[in-house]
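Undergrad: So the sequences go chain by chain: A and B.
One point on numbering: in UniProt numbering, the residue at position 230 of the first sequence is 230, and numbering is uninterrupted.
One point on numbering: in UniProt numbering, the residue at position 254 of the second sequence is 254, and numbering is uninterrupted.
Hints are supplied without guarantee of correctness; some may be wrong.
[What the hints assert, rightly or not] Listed below are several chain B residues computed to face chain A (Cβ distance under 8 angstroms; list not exhaustive):
1. 65
2. 66
3. 67
4. 69
5. 83
6. 86
7. 90
8. 158
9. 160
10. 169
11. 172
12. 177
13. 277
Since the hints were derived computationally from the structure, they do not count as laboratory data.
Ideal Cβ placement from N, Cα and C applies to all residues, glycine included.
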Amino acid sequence: MPRGRHATRETGVPSITRRQWLAALGVGTTTALAGCSANDDGEETGTTDGGDTTDGTPSVSGTYDTVTASSFSTLNPLYNTSSGAGTAIGRALDQGYTFDLDGEYFPLLYDMSTDDDGSVWVFEIREGLSFGDPYGAVTAESFVYQIQELHQTDWAATAQSSSWDGVTVEQTGELEFQAELEQAQLLWPESYDPLLFPIPRALVEPYVDEEDAEGLQQDEDLLNLTFTGNLGGFVLDEWERGAGTTYSRNDDYYIQDIDEGPDLFANAPYFEGATIDVVEERASRLAALETGEADSAGIPPERFSEFQEKPNVSTYRIPQPFNRILSVNMRDNGWNAGPGNLFRYIPFRQGLAAAIGKEELIAGIFRGLAQPHFTWQPSWSEWYPGDDAITQFGVGDQYGGEVARGLVEEALAESEFDYRFDGGTLVTPEGETVTLDLYHLAGGETSQLIAEYIAGEFGDKFGIDVTVEAIDGVRFQRDYWTGEPQGGTDTVNGEEVTWNQPTPNNPGPRSVTSAESWDMSIVYGLNTYPQNPLTNQVFFDGANSFYNPVGYYPEFDAAGIFQRAREASSEEGLQGPFTELFENLAAEQPYVMLAFGDDLVGYNPDLVGPAEDFFNGWDFPAWYFDE
Amino acid sequence: MGLARYVALRVGWAAVVSFIIVTITFGLLAAAPNPSVQQAATQAALEGGNPQEAVERQRQLRGLDEPLHVRYMDFLRGVYTLEWGWSDYRSQPVTEALADAIFYTAQYSIPWTILTVLLGPLIGVYSAANMYTWRDHAATGFAFFGYAIPNFFFGIILLLIFGVWLEWIPIVYRTEVPTFSLANARQLAVPVFVLVTGSIGAIMRVSRNESAAFRNATFMKTAKAKGVSPLRAYAYHVMRPTLVPLSTTLVGQLLAIFLGSSLLVEVVFGIPGLGRLTFNALVAQDTNLVLGATLLFTFLAVVGNLLEDLAFTVLDPRISYDDRDL
Chain A
1 MPRGRHATRE
11 TGVPSITRRQ
21 WLAALGVGTT
31 TALAGCSAND
41 DGEETGTTDG
51 GDTTDGTPSV
61 SGTYDTVTAS
71 SFSTLNPLYN
81 TSSGAGTAIG
91 RALDQGYTFD
101 LDGEYFPLLY
111 DMSTDDDGSV
121 WVFEIREGLS
131 FGDPYGAVTA
141 ESFVYQIQEL
151 HQTDWAATAQ
161 SSSWDGVTVE
171 QTGELEFQAE
181 LEQAQLLWPE
191 SYDPLLFPIP
201 RALVEPYVDE
211 EDAEGLQQDE
221 DLLNLTFTGN
231 LGGFVLDEWE
241 RGAGTTYSRN
251 DDYYIQDIDE
261 GPDLFANAPY
271 FEGATIDVVE
281 ERASRLAALE
291 TGEADSAGIP
301 PERFSEFQEK
311 PNVSTYRIPQ
321 PFNRILSVNM
331 RDNGWNAGPG
341 NLFRYIPFRQ
351 GLAAAIGKEE
361 LIAGIFRGLA
371 QPHFTWQPSW
381 SEWYPGDDAI
391 TQFGVGDQYG
401 GEVARGLVEE
411 ALAESEFDYR
421 FDGGTLVTPE
431 GETVTLDLYH
441 LAGGETSQLI
451 AEYIAGEFGD
461 KFGIDVTVEA
471 IDGVRFQRDY
481 WTGEPQGGTD
491 TVNGEEVTWN
501 QPTPNNPGPR
511 SVTSAESWDM
521 SIVYGLNTYP
531 QNPLTNQVFF
541 DGANSFYNPV
551 GYYPEFDAAG
561 IFQRAREASS
571 EEGLQGPFTE
581 LFENLAAEQP
591 YVMLAFGDDL
601 VGYNPDLVGP
611 AEDFFNGWDF
621 PAWYFDE
Chain B
1 MGLARYVALR
11 VGWAAVVSFI
21 IVTITFGLLA
31 AAPNPSVQQA
41 ATQAALEGGN
51 PQEAVERQRQ
61 LRGLDEPLHV
71 RYMDFLRGVY
81 TLEWGWSDYR
91 SQPVTEALAD
101 AIFYTAQYSI
111 PWTILTVLLG
121 PLIGVYSAAN
131 MYTWRDHAAT
141 GFAFFGYAIP
151 NFFFGIILLL
161 IFGVWLEWIP
171 IVYRTEVPTF
181 SLANARQLAV
191 PVFVLVTGSI
201 GAIMRVSRNE
211 SAAFRNATFM
221 KTAKAKGVSP
231 LRAYAYHVMR
241 PTLVPLSTTL
251 VGQLLAIFLG
261 SSLLVEVVFG
271 IPGLGRLTFN
281 ALVAQDTNLV
291 LGATLLFTFL
301 AVVGNLLEDL
311 AFTVLDPRIS
321 YDDRDL
């Protein structure tokens, strides 16, 4: 049940970079707190000892169990890159900070502050944090040592190494250190880059001395989280590979003594134990939710209304930042209908966007459980430019055959090839009906329905013949979405652009292509990074951006906008560049934007704590079972 | 040739076969591109480093720069000393991962195998004894229903009926439940039932047809004439010759089902057994674990085949050995 800031979605395929993996880890913590979960033993879970204790706090009762679709490859905090395992680690070990329901920074292990424009950040470690025996107190030294000797070296290759690249770290006190960035970042915490797990120096020091990366990855204490002391709500009792994890309550959880946060933290957590069970089959996970064996589980849209009717399940719609998009291939192996790739013309992409009825799509396929998607931010983001600032293709007067064909006509006028409408049908210069393929994820009912709806809309509005094809996600990633990095040069908007560091997801200019040709796909959704839109530079800072499988060349000064955002000295100063960015992206439709589907979660109705909010679960230690 | 010598030769041949398979596995492995080397090259390219240098370093680290014969000897030593390496997918030694998975697989596959071996021939012989009656049709229908319905689908249906509606069985499989306990029997009852019904069809049919040939055999007529009860006649005079041809197919059939059906059942019921382990290792491209699982299944197949041959020689009274008193 993925939730949070993954880089790609739908198939669970790897994200873009380690940086984004770290973002996922950040979510791991949030999710860990949120606990998308399922309980197991109905006799234990949900049965409380009854009511409150004398001090007004709920009594500690029951076990809180989670079901997950896939097992964990590692629980080593230094090497984990999956959000699922991040949840499992987060049960027993907190990370540095989180964000509350208002999206405000909330310190867990350390507070972060900057006195200037975000180039120097001071970390203040909370007092009273302690590793398990024999490692002693958590100090600034343990964090600084971890950063300098593990994340900033070549041999260790930790999951967080790219986050600390170019950052100068210095210990300034027993419980304080500072980090100086090469380029100021006002939203550095929101990038999740400075998010750290506490790791004892003495535990990793032998591996550092030997530069033994293999030993570090395979260390039993790291894998079994035996060093966590008072740093997590629960103690990991057992990790049964392939089956899941079991935990018992940590009576010494440091959060009980902190001044910030809800009063309920005073005796947190309120569950006697927790488990995470690996249940690969979705029907089985839903059955567990229905019978009360599960305290929570994700629900597919087609069954959400059914679960809304069930008295033994509470349903929640939780907004999230991953989008549903129609990717159109602007590289040389795209637009296989004829000569000249029409996807490269902005009015053509706008025409496609105007042809797809977003309200119909959401009502019909998402059962109303989604939000329309117009620019690269969800409407709940503080960086969303506002409805009036952008053209909302696909709704109101920007939806329909007339407006869509008008936009496509504009594109045809720009094209050097003689594409034209023959009656209501778009035809090639040879007079043949334009035929395109559209890939969707095999096995995903929603994915198939969206593909068929798009095919129908394009057929109705343009007379285009769309062939809908199902494809395995791994194969699409390998043969269609990535290419062998070659680099090269191309002329973009009159300027010569060089691909110096091509990547599999942007192997070079449009002439460098994936192994297989393709026209359109809805296989992947991407993160819109609403907390720190600067991260979107991996998609949009130019033709040679890090992640650009579709070969999009921005026709506005994207790199300049990102540069101005990086140089902003206040959050107010960020608003201007971001507004400009999202207005341009709404206009250019680098990916034809469709919808943000909500995360649909069912919880045990006796559970107190979940919220229909993106930051749901930030206060997981305060969650409890009520009768 | 005496029975002891035959058995010794057969065991020796099994060892040779396993050695050949291990060698072929090494050859395939040596010829295939190593994912970790490719990954190192990609990572170096992404970070602006030299991919070629990264490849060389990775090859050196993994001993891939050694001569082929040295690597082969190391591989053989590793295989036969059970040093099968580290599983990245599970973060534990491969042998430990396999042992864990076998533990859970055995919990349902032992009762499943026993029940299949017992029930399949029994239903087959029962069917033959009542040939063309409603009992025959009912028994055949029962056996073939389980054979025809996909285990995956059948499992979900039974989970819905007995787990969700009747709440007789738990939905989530619990590893912490003691192996020999009622709770474990409860959570394994439906997976075992699904597998048994899925596997007795073929065995039942072979048993029915084989035993039908003996129904009217002379020795049966003699037995009946001597007043032997039908139950005893079938148990002693029909069942044994029926088991001879059956024994030659049983291991192969069960292994095939073991690899295919058990994976699906493990997925539906959340059992962390060998099927899921192997499948997930393949998807995750965990070379060591895939290799370990392959070797394990190879050894199982070789040993199974050996047992099959030995059982055949013991069961079939027409095969004579110098030192055989049977």
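Undergrad: Can we keep the residue 172 of chain B interface hint, with Cβ of chain A closer than 8 angstroms?
TA: With a minimum Cβ separation of about 5 angstroms from chain A (threshold 8 angstroms), the hint on residue 172 of chain B holds.
Undergrad: Tell me if the interface restraint on residue 69 of chain B is satisfied: Cβ within less than 8 angstroms of some Cβ in chain A.
TA: Status violated, d = 26 angstroms.
Undergrad: Closer than 8 angstroms between Cβ atoms is the bar; does residue 160 of chain B clear it against chain A? Give me holds or violated.
TA: 7 angstroms, holds
Undergrad: Just to be careful: measuring from the Cβ of residue 83 of chain B to every Cβ in chain A, is the smallest value less than 8 angstroms?
TA: For residue 83 of chain B, the interface hint is violated, since the closest Cβ of chain A sits about 14 angstroms away, which is over 8 angstroms.
Undergrad: Quick check on residue 169 of chain B please, does its C-beta sit within 8 angstroms of some C-beta on chain A?
TA: Violated, because the Cβ-Cβ distance from residue 169 of chain B to chain A comes to roughly 10 angstroms (cut-off 8 angstroms).
Undergrad: Does residue 90 of chain B pass the interface hint, meaning its C-beta sits closer than 8 angstroms to a C-beta of chain A?
TA: This hint holds: residue 90 of chain B lies near chain A, its Cβ roughly 5 angstroms from the closest one there, short of 8 angstroms.
Undergrad: Does the closest beta carbon of chain A sit nearer than 8 angstroms to the beta carbon of residue 277 of chain B?
TA: 6 angstroms, holds
Undergrad: For the hint on residue 66 of chain B, just tell me whether its beta-carbon gets within less than 8 angstroms of chain A.
TA: With Cβ-Cβ at 18 angstroms, over 8 angstroms, it is violated.
Undergrad: Restraint: residue 177 of chain B near chain A, CB-CB cut 8 angstroms. Satisfied or not?
TA: Violated. Min distance 11 angstroms.
Undergrad: With a cut-off of 8 angstroms on the beta carbons, see whether residue 67 of chain B makes it to chain A.
TA: Hint violated; residue 67 of chain B Cβ to chain A Cβ min 23 angstroms, cut 8 angstroms.
Undergrad: Interface hint check: residue 86 of chain B, Cβ to nearest Cβ on chain A, cutoff 8 angstroms. Holds or violated?
TA: 6 angstroms, holds
Undergrad: Identify whether the interface hint at residue 158 of chain B stands, where standing means a beta carbon of chain A within less than 8 angstroms of its own.
TA: It is violated, given that the least Cβ distance between residue 158 of chain B and chain A is near 11 angstroms, above 8 angstroms.
Figure legend: structure checked against the earlier numbered hints; hints not met, in rising order: 1, 2, 3, 4, 5, 8, 10 and 12.
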